[in-house]
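Student: One letter stands for each residue in the lines below.
There are 2 protein chains.
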Amino acid sequence: MAQKARALYDFEGELGNGELNVLENDVLTVIRQDVGDGWWEAETSSGQRGLVPEAWMELISGGGPPAPPPQSGGPPPQSGGPPPQSGGYNYDDDWDDDEDDDDWDDSERGSVQQQNAHHRPRKDSGLNGSGNFDLQPANRTAGKKGGDATGKGTVKKGFANRFSVFAKTGGEAYLLGTTPKSRSMSDNPLYRIIDSEEGPVWDYVGEGFTVEIKNPKKATKLKGMKTFIAYQVTPSNTGIQVSRRYKHFDWLYERLTAKFVTIVVPPLPDKQVTGRYEETFIEKRMDQLKKWLFRMTTHPVVSNCDVFLHFLTCTDDKEWKRGKRDAEKDEFLGAAFFQVIEVPTTPLDIAIVERQHENFNKFVKSMEASMTQISQVIHEHSKKHVGPFKREYQKIGNAFTSLASSFELDTRPRINDIDAPPEGSQQLTDAIKFTGTTYNDIGELFAAQPRNDFYLLEDFLREYSGMLSCFPDMVHFHKHTISTVKECQKQREEQKMEFDEAEAIKTRADVVSYSMMAEINHFQRQRVCDYKANMQYFLREQIKFYEAITEKLRIALSRYENIDV
Amino acid sequence: MAQKARALYDFEGELGNGELNVLENDVLTVIRQDVGDGWWEAETSSGQRGLVPEAWMELISGGGPPAPPPQSGGPPPQSGGPPPQSGGYNYDDDWDDDEDDDDWDDSERGSVQQQNAHHRPRKDSGLNGSGNFDLQPANRTAGKKGGDATGKGTVKKGFANRFSVFAKTGGEAYLLGTTPKSRSMSDNPLYRIIDSEEGPVWDYVGEGFTVEIKNPKKATKLKGMKTFIAYQVTPSNTGIQVSRRYKHFDWLYERLTAKFVTIVVPPLPDKQVTGRYEETFIEKRMDQLKKWLFRMTTHPVVSNCDVFLHFLTCTDDKEWKRGKRDAEKDEFLGAAFFQVIEVPTTPLDIAIVERQHENFNKFVKSMEASMTQISQVIHEHSKKHVGPFKREYQKIGNAFTSLASSFELDTRPRINDIDAPPEGSQQLTDAIKFTGTTYNDIGELFAAQPRNDFYLLEDFLREYSGMLSCFPDMVHFHKHTISTVKECQKQREEQKMEFDEAEAIKTRADVVSYSMMAEINHFQRQRVCDYKANMQYFLREQIKFYEAITEKLRIALSRYENIDV
Chain A
1 MAQKARALYD FEGELGNGEL NVLENDVLTV IRQDVGDGWW EAETSSGQRG LVPEAWMELI
61 SGGGPPAPPP QSGGPPPQSG GPPPQSGGYN YDDDWDDDED DDDWDDSERG SVQQQNAHHR
121 PRKDSGLNGS GNFDLQPANR TAGKKGGDAT GKGTVKKGFA NRFSVFAKTG GEAYLLGTTP
181 KSRSMSDNPL YRIIDSEEGP VWDYVGEGFT VEIKNPKKAT KLKGMKTFIA YQVTPSNTGI
241 QVSRRYKHFD WLYERLTAKF VTIVVPPLPD KQVTGRYEET FIEKRMDQLK KWLFRMTTHP
301 VVSNCDVFLH FLTCTDDKEW KRGKRDAEKD EFLGAAFFQV IEVPTTPLDI AIVERQHENF
361 NKFVKSMEAS MTQISQVIHE HSKKHVGPFK REYQKIGNAF TSLASSFELD TRPRINDIDA
421 PPEGSQQLTD AIKFTGTTYN DIGELFAAQP RNDFYLLEDF LREYSGMLSC FPDMVHFHKH
481 TISTVKECQK QREEQKMEFD EAEAIKTRAD VVSYSMMAEI NHFQRQRVCD YKANMQYFLR
541 EQIKFYEAIT EKLRIALSRY ENIDV
Chain B
1 MAQKARALYD FEGELGNGEL NVLENDVLTV IRQDVGDGWW EAETSSGQRG LVPEAWMELI
61 SGGGPPAPPP QSGGPPPQSG GPPPQSGGYN YDDDWDDDED DDDWDDSERG SVQQQNAHHR
121 PRKDSGLNGS GNFDLQPANR TAGKKGGDAT GKGTVKKGFA NRFSVFAKTG GEAYLLGTTP
181 KSRSMSDNPL YRIIDSEEGP VWDYVGEGFT VEIKNPKKAT KLKGMKTFIA YQVTPSNTGI
241 QVSRRYKHFD WLYERLTAKF VTIVVPPLPD KQVTGRYEET FIEKRMDQLK KWLFRMTTHP
301 VVSNCDVFLH FLTCTDDKEW KRGKRDAEKD EFLGAAFFQV IEVPTTPLDI AIVERQHENF
361 NKFVKSMEAS MTQISQVIHE HSKKHVGPFK REYQKIGNAF TSLASSFELD TRPRINDIDA
421 PPEGSQQLTD AIKFTGTTYN DIGELFAAQP RNDFYLLEDF LREYSGMLSC FPDMVHFHKH
481 TISTVKECQK QREEQKMEFD EAEAIKTRAD VVSYSMMAEI NHFQRQRVCD YKANMQYFLR
541 EQIKFYEAIT EKLRIALSRY ENIDV
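Going line by line, the protein sequences match chains A and B.
The first sequence begins at 1 in the UniProt record's numbering and counts up one residue at a time.
The second sequence begins at 1 in the UniProt record's numbering and counts up one residue at a time.
Bound conformation, chain A alone (with noise of 0.2 angstroms):
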């Protein structure tokens, strides 16, 4: 039996979205509270469906089975605020069965890797609706079976939580060296972390490229009953385009998140229920796929593993389905992918490896919460330009249009008649009117604005918080890894552990140590350089933008210097 709820305010949806209009004591039946990220699918009496704002609606008791109890950790709905925004929830896999059920069927549905992604978590952008970020970890790895090929047994108990991250990519195995190696590989590491002026960074293996995506085609198949968008991918190295669905990024992104424990690989652009093939979501999603190709393309390791690279040049069927399996057996995956990384030889000192990691989860932190406050403060104020301030100006538009309305109606009385106003009075009125139609341009200018500057901050903001959510896995991992070192060091002391045991740990944890150094070095490199260009192009629309009112300004001055008085 269907649920009902009520909405307790009026919501004005995205239609475009696939979000529902309602209004306040509106009574929806409710298809799913499972949708994510604070919204539920309803359907309105009319039969329209939809998304609404969970913190809008009421369940009606009586008509179905309770309301589950309010989720904990979540700020609660501010009323009047902002709902979420739909570009925030994800259906699971499995519901959106038009991007699931095609050419996917045939690959081996039975393997671990597959399921995997099947359950694959949630993507959190890291921004939730009304611009604010979601501090919880993107908790990538949650679900992941990464530890089945380092479970044997051979784990000793205590370290850690054995359903953490840290046990569930592997770690303690990798650690304890209880990862099987495979033969070629682990002794001839093919990634390398060199000690620079910068510090340790990764070492650029191959050459750098770059990658074009573009021409979204809507194609279809099964005679017409799926219909899907393939984006054309061409990198500049081999200038051969490839034909990528959402699903392909989306499979791309569980193999390297499954693969790299301790490398920044930020969310893809959400998945979207209704309205995905409207041309703006095309677009959008394939900026924000481009974004996310060239975030990854700029990493000196992911940008040369070979998932990432079947990925931009696998052209034939087959080859894609081999390589895929290739992929999907991969055994350096998690901490396992520790194993072919080389590093500076010079052993780490734990107290300072301390010192930089609780340095740099202090600035994650703070780095978060700034990026809420400034996200959520962009985010209102282009609210408000595309309403209020919109809406401002025109009030002063119209009102010195009114003004010039009534000047119409001056006329001079004279001796037996009445004139027309002498040629100044009109032009007075033209210029009063014209400056009002001025004002009327500038509102629209605001309302226009935010497309050109704060929605691009915004989208940056969100590109940034998706990369800052990938940190907390890291440094619990990290964190674990010295935990076990200094766990292994006490044993050591208390001749419970053989020493070359013991420093065969320490130098497997200083591999984690060095590619968490040379990530946060490659992170802090990366951050300065996009928040410059994308400050000095903010800066610019703004400029732009206010150089556009003074101009329309001036012209509506002009309009005033020849009136004849």
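Source of the hints: derived by calculation from the structure; they are not laboratory data.
Please read all numbers here as calculations on a predicted model, not as lab measurements.
It cannot be assumed that every hint is accurate.
Which copy? The list can't say, so a pair holds if one copy fits it or any two copies do.
Unchecked claim - Below, in silico cross-link-like pairs of lysine-lysine (DSS-like), each with a Cα-Cα straight-line distance of 27 angstroms or less:
no., residue 1, residue 2
1, K390, K544
2, K390, K218
3, K552, K383
4, K383, K395
Following the hints, complete the assembly by docking chain B onto the known chain A.
Tutor: Just chain B now, kept in the frame of chain A:
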């Protein structure tokens, strides 16, 4: 027994303006309900006295006489809307004894005119609080006893309500030719209306001059018991400075409105009860008096009348009193003034005059309505500049500042060390911090801006609103003139009146119509001139404002240029 009232809403008064701060449900003792313009004087429980908006208050029954019924005609108070501005109220003269009982006491209290001055109606600037225009006529002649010289029993009944402006200013007596004439003047007109290319206009008599007003001085008398402000007024044609107080202006205003029925004598700036020795108030009032003097000085008739010249030039105390007595004994007051105007000999066509009259009336009503709108809009807009807009930009500023603070935490992990971030990182942090300061500064620019444009435009509109408020009485007078003429023609047609008598009445009515035409032509010409100048000024300041923002942003942008990435 004192009456009590309860505050319905919070009210944040301007303390410097004699207003009280009250909170919802505060109970106050009502001191006066007849303060005017929607204000009451009240006392808080802590003994503080001041003004509160009537619409905010609810009388508590049992505490005194029942509340008077609300005044009809005025707009209902908008809950949450702005309270009336204290600039709009005006205490009776005799309440404000500080400004009343000094050297004026020795003038002839017994004279009709002096008594009138004490029952002068409130001067309404035409703009009440919240930027609304009061569309009621200024009623500047109400309470005048100007009919004295003309009410000598010969008025034919039925032409007009004898309490109307028309009757009271001697309109009937003038038209019917029963006004006693001064021997010398009636045959020798002092003022002339000529037919120019622009239609009938007032002929300028004498040379034009300007008036300077400056150096407001706080002076005391009666051994410091009385304090007043004396303004130094210097006409350009004499170059001799005279010292005038607000009450002298008030007296002059009284004389001019008594004298000129068809000439726009705009109201003076309002009296103020509290805070009138504060520097900003004094400067503001001086500025308003200056505008008022300018308006009078540029009027071809007013600028050359004896009382105005006496006000501008008399330096001697005895001389002053003599001139004052003369002015108060002026026989050519009100309608009698039409006796000293010479007009073109062409008789006017009543039908055309009526149409001119109608057109102008429409114009005035339409202009009043659009001025109400525009004043309200810019009043609200100014408030937004000072409050929400400022806060909005400062929120952006603070968000950038907070982002910069988090970026300060950037440190770079090194082998066995923690390093300060490279110069580029600090440069970025500094640039973002500077951007934060920039948006804070822009917020301040917003808050400061209304002083440069919107407030001045409001002042200008208020001045014009004051001028418009003079028209209803003029229009009323003129309308009665026309209907009297039509009535006489009817009587003549019915042979109840001699042809010559009816013609003489028509000739005298033409003088009224000609003066209306001359005044309308004068007003419209001034309007084009004034609006041109004020709109230009306004737009120039708006341009400067947006340029200042652009410039600030440009400087902020330049901080990013040399960031080392």
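Student: For each hint, tell me whether it holds in the structure or not.
Tutor: Results for each hint:
no. : hint         : result
1   : K390 to K544 : both (17 angstroms within a copy, 21 angstroms between copies)
2   : K390 to K218 : neither (36 angstroms within a copy, 47 angstroms between copies)
3   : K552 to K383 : both (23 angstroms within a copy, 24 angstroms between copies)
4   : K383 to K395 : both (18 angstroms within a copy, 14 angstroms between copies)
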